[in-house]
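Trainee: Listed below, chain by chain, are the residues.
Protein chains: 2
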Amino acid sequence: MQPIGMSLLREVSPRLWSIRSSEQVALAKRAAQITAELQQGVKKPYKDVIDVSWGDAHRGGLKPLTFVRQVIASCLYPSLLNSESLPIDVQQKAQNLLGCCEGGSVGAYTSTCGIPKIVRSVSEFISRRDGGVESLPENIFITSGSQRSLMMVLKLFVQTERSARTGVLVPVPSYPYFNMALSMLGGVMVPYYLDEEHGWDVKVDELRRALHAARGHCNPMALYITNPGNPTGHVQNRKSIEDVIQFAAEENLFLLADEVYQDSVHDPESDFISYKKVLFEMGPPYSNSVELASFNSISKGYFGECGVRGGYVEFVNLDPTVMECAYTLFSTDTCASVLGQITLDILAHPPQPGDPSYPIFSEEIRAMKDTMISNVHRVQEVIGSLPGMSCQPIKGAIFAFPQLHLPPSAVQQAEKAGVNPDVWYSSCLLDEAGLCVGPGCEHGQREGTHHIRLCIATTQENLEEVLTRLSAFHLSFKSRFF
Amino acid sequence: MQPIGMSLLREVSPRLWSIRSSEQVALAKRAAQITAELQQGVKKPYKDVIDVSWGDAHRGGLKPLTFVRQVIASCLYPSLLNSESLPIDVQQKAQNLLGCCEGGSVGAYTSTCGIPKIVRSVSEFISRRDGGVESLPENIFITSGSQRSLMMVLKLFVQTERSARTGVLVPVPSYPYFNMALSMLGGVMVPYYLDEEHGWDVKVDELRRALHAARGHCNPMALYITNPGNPTGHVQNRKSIEDVIQFAAEENLFLLADEVYQDSVHDPESDFISYKKVLFEMGPPYSNSVELASFNSISKGYFGECGVRGGYVEFVNLDPTVMECAYTLFSTDTCASVLGQITLDILAHPPQPGDPSYPIFSEEIRAMKDTMISNVHRVQEVIGSLPGMSCQPIKGAIFAFPQLHLPPSAVQQAEKAGVNPDVWYSSCLLDEAGLCVGPGCEHGQREGTHHIRLCIATTQENLEEVLTRLSAFHLSFKSRFF
Chain A
1 MQPIGMSLLR EVSPRLWSIR SSEQVALAKR AAQITAELQQ GVKKPYKDVI
51 DVSWGDAHRG GLKPLTFVRQ VIASCLYPSL LNSESLPIDV QQKAQNLLGC
101 CEGGSVGAYT STCGIPKIVR SVSEFISRRD GGVESLPENI FITSGSQRSL
151 MMVLKLFVQT ERSARTGVLV PVPSYPYFNM ALSMLGGVMV PYYLDEEHGW
201 DVKVDELRRA LHAARGHCNP MALYITNPGN PTGHVQNRKS IEDVIQFAAE
251 ENLFLLADEV YQDSVHDPES DFISYKKVLF EMGPPYSNSV ELASFNSISK
301 GYFGECGVRG GYVEFVNLDP TVMECAYTLF STDTCASVLG QITLDILAHP
351 PQPGDPSYPI FSEEIRAMKD TMISNVHRVQ EVIGSLPGMS CQPIKGAIFA
401 FPQLHLPPSA VQQAEKAGVN PDVWYSSCLL DEAGLCVGPG CEHGQREGTH
451 HIRLCIATTQ ENLEEVLTRL SAFHLSFKSR FF
Chain B
1 MQPIGMSLLR EVSPRLWSIR SSEQVALAKR AAQITAELQQ GVKKPYKDVI
51 DVSWGDAHRG GLKPLTFVRQ VIASCLYPSL LNSESLPIDV QQKAQNLLGC
101 CEGGSVGAYT STCGIPKIVR SVSEFISRRD GGVESLPENI FITSGSQRSL
151 MMVLKLFVQT ERSARTGVLV PVPSYPYFNM ALSMLGGVMV PYYLDEEHGW
201 DVKVDELRRA LHAARGHCNP MALYITNPGN PTGHVQNRKS IEDVIQFAAE
251 ENLFLLADEV YQDSVHDPES DFISYKKVLF EMGPPYSNSV ELASFNSISK
301 GYFGECGVRG GYVEFVNLDP TVMECAYTLF STDTCASVLG QITLDILAHP
351 PQPGDPSYPI FSEEIRAMKD TMISNVHRVQ EVIGSLPGMS CQPIKGAIFA
401 FPQLHLPPSA VQQAEKAGVN PDVWYSSCLL DEAGLCVGPG CEHGQREGTH
451 HIRLCIATTQ ENLEEVLTRL SAFHLSFKSR FF
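The listed protein sequences derive, respectively, from chains A and B. With UniProt numbering as the guide, the letters of the first sequence map in order to residues 1 to 482. With UniProt numbering as the guide, the letters of the second sequence map in order to residues 1 to 482.
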């Protein structure tokens, strides 16, 4: 027999050792530790830890939509449908949805690609959103969320078996999960830099530079975009999207459009336009050749149901043989949570004017819109007034990603401690002010620049406290280095 | 630009082509097609399709537990807590659970390994179940279900980078998902045959034969077991478990104990005993050296909440460095559905005698137990009386896995059609009698033997209809070949 615990250790898959435990995880652990200390009565200059490092509206105190919760609760516990207390459209919706569940129970498995009726609902939603562009249910796969969708789509084409590993063009800064998933599958991240000075614009010259630099050491096959941007808050206009599509067409790249923040555009001059809509409006040869996967989720926008888990991916222009392969691949997974699927159906078909639930539903959404617009203004105002911090306009999504203009002495001190300067800034902010933010290096940034990410989907009251803590800490931090 | 849809097709990851689209998926498609035909008014000798190919109690018409649904519904829609209609223990449980959710909402993300309080609940449950054997929260990871847990654990040690690929000993017959997950990761399935003639016994001689046969062409590192057995219905006794543990210790194998059917033992002479309990009762050197992962889920047993998605894995005796690696690996996933986590908490701490919900809860469980025992009797009785079909005792889990003794002419006819004989039998059963079962080849079986799998977690009424259709079809099928 081997000595205790030695057998597996020797054998843990080598690729695992390469997964870096993220700085965010370390900060979250420290935040939990501080919270425990506060609960034990340890004195600190703050009474609690405020955590704005997640993209999570409910964590920030924003409330779920009443109609959504009434329908899901009724599906779970259908006795509620016998009471008079729920609006009739809630009852009808729940009855309809239960009728699509095997055995009339949300506890039954569904088809691995989703309940067929809900897949059709999603296709109708997409088509309506895109002004009538056709959306075929057989191109839509429901998953437990966009992380899962992204992983499945990467599995479809990323390969390490060939001499040249698969490359994917990835924005810097970006959504860190994507890079991690790509590297776990053995793919290569090909970074292209968003133009911070111009509101985090996507520049085709930069895409071309990145692509050409990558060729030779990997096989670039796809281009990943987040629009509206996480963590950058930019929203691409039609021209910018057209440019990217044209580039993808010329270079034969599979477009991965992460559009989970499609409901979150705060800038009155900007609109969300889907990549699919632009692609179809460009006409042939683009509309019938550029391969596209578009992602959406119940975790973001007005729903904010991160904990319920649900999302979908729609494929466009994939060869039928590839789609067959995709179908087989998605079939290897268990179905997504039925409650997540139901929530997706509500997202696809929300209450309409005239429905009993419409007044409350639309009022809740209006209030949330107002909160977000007000939050954006306050964040830009306060951060804009802080010396040594600057923030591009936040047009969409739910984050501020300000740049920290750190004095060289601060950078040197962090580097001497062997820590990335923005991690060091974030750690001090957490320890001294009880505010947990995300360090910019988690998302990627141009060398020599430093950022932090804050979720601004939170109550106005909470945001004021966040800004107060951030301002006081920042001024004190700066004063130490001048 | 490339011709339409050619770019990705050429490049789809080669490993994907090796995923066989399962026979079960093909049968499910055919079942859906027949259902659609019936709805269009096409005349068939049956009015609907009954599908017993899934391990899914709610699909079979068994009802969810009232307490479970009341608590989850209240967590989703806390206004319910203001009504008088729900028992006080439901209200308390929901309040407690909401208190563990960020922002007091089940819509917020949780720690990727699960809500800490629920992880502790699970560890208390395990310790209570195992008569006091210690269970540490830090060794427990909550996932969206046991499929996900199995996949993550395989990712921990399966590797293709070394000269010898990782092998895992897998029972035949077995749970097909496991083999698929293993092969998707590039691991090698090392089959060991359960002894059908002796109630699907696990024999150490057979384990040894399989292991020795595998050495040389792969690196066998782990041993997968399902107990109670899927699809076989066997329940291992203490001696059998001890023998397997001793073998794993001698051969330095990581034990993967799939114990999701731990609540489903129907045979009065049998008990579920966990691998962990036996391991600890064997004492050193076993208890402090044999590496074990044990799996459980909310989808099986009395809960049957497949659609809600939730489960956990507990590791035992893993080196701290490996556990750190496991922690990093599990952190790459989003959290499991919060509603699944809440259901897991109820599984860990169900109502107790004296609680207002206890009488209904215990009555529902008693009724379900009675149904299962009655179903087992009826299945054994009816199948036992059919010529050319035989079934080992069903002591646990929720399936019957009878052997079909097909006449050589039937086998030849199937083979001439290029179809596995049990797939052919299952297709005819579906077409002619509207009954959808699982073909044995999906689970693996000794060459030359043929089986079908039926889920018996269903209402007594439904079971009678299943048995009537199966008997009539079987007799007619047989008569054609004599």
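Hints may be right or wrong, so weigh each one.
Which copy? The list can't say, so a pair holds if one copy fits it or any two copies do.
Stated by the list, open to error - Below, simulated DSSO-like cross-link-like pairs (lysine-lysine); rule was C-alpha separation at most 27 Å, straight line: (1) Lys29 - Lys43; (2) Lys277 - Lys155; (3) Lys44 - Lys63; (4) Lys63 - Lys369; (5) Lys155 - Lys239; (6) Lys203 - Lys277; (7) Lys117 - Lys44; (8) Lys369 - Lys277; (9) Lys117 - Lys277; (10) Lys416 - Lys29; (11) Lys43 - Lys117; (12) Lys63 - Lys277; (13) Lys155 - Lys63.
Please keep in mind that the hints were generated in silico from the structure rather than gathered at the bench.
Trainee: All the hints need checking, so say for each whether the structure fits it.
Mentor: A quick look at each hint next to the structure:
1. Lys29 - Lys43: within (19 Å within a copy, 63 Å between copies)
2. Lys277 - Lys155: This pair counts as within: shortest intra-copy Cα distance 26 Å, inter-copy 39 Å.
3. Lys44 - Lys63: neither (29 Å within a copy, 51 Å between copies)
4. Lys63 - Lys369: Within one copy only: 13 Å inside, 41 Å across.
5. Lys155 - Lys239: neither (31 Å within a copy, 43 Å between copies)
6. Lys203 - Lys277: within (20 Å within a copy, 61 Å between copies)
7. Lys117 - Lys44: between (54 Å within a copy, 25 Å between copies)
8. Lys369 - Lys277: This pair counts as within: shortest intra-copy Cα distance 24 Å, inter-copy 55 Å.
9. Lys117 - Lys277: within (23 Å within a copy, 45 Å between copies)
10. Lys416 - Lys29: Answer is within; shortest intra-copy Cα gap is 23 Å, inter-copy 62 Å.
11. Lys43 - Lys117: Classified as between: cross-chain Cα gap 25 Å, same-chain 55 Å, threshold 27 Å.
12. Lys63 - Lys277: neither (31 Å within a copy, 44 Å between copies)
13. Lys155 - Lys63: neither (35 Å within a copy, 37 Å between copies)
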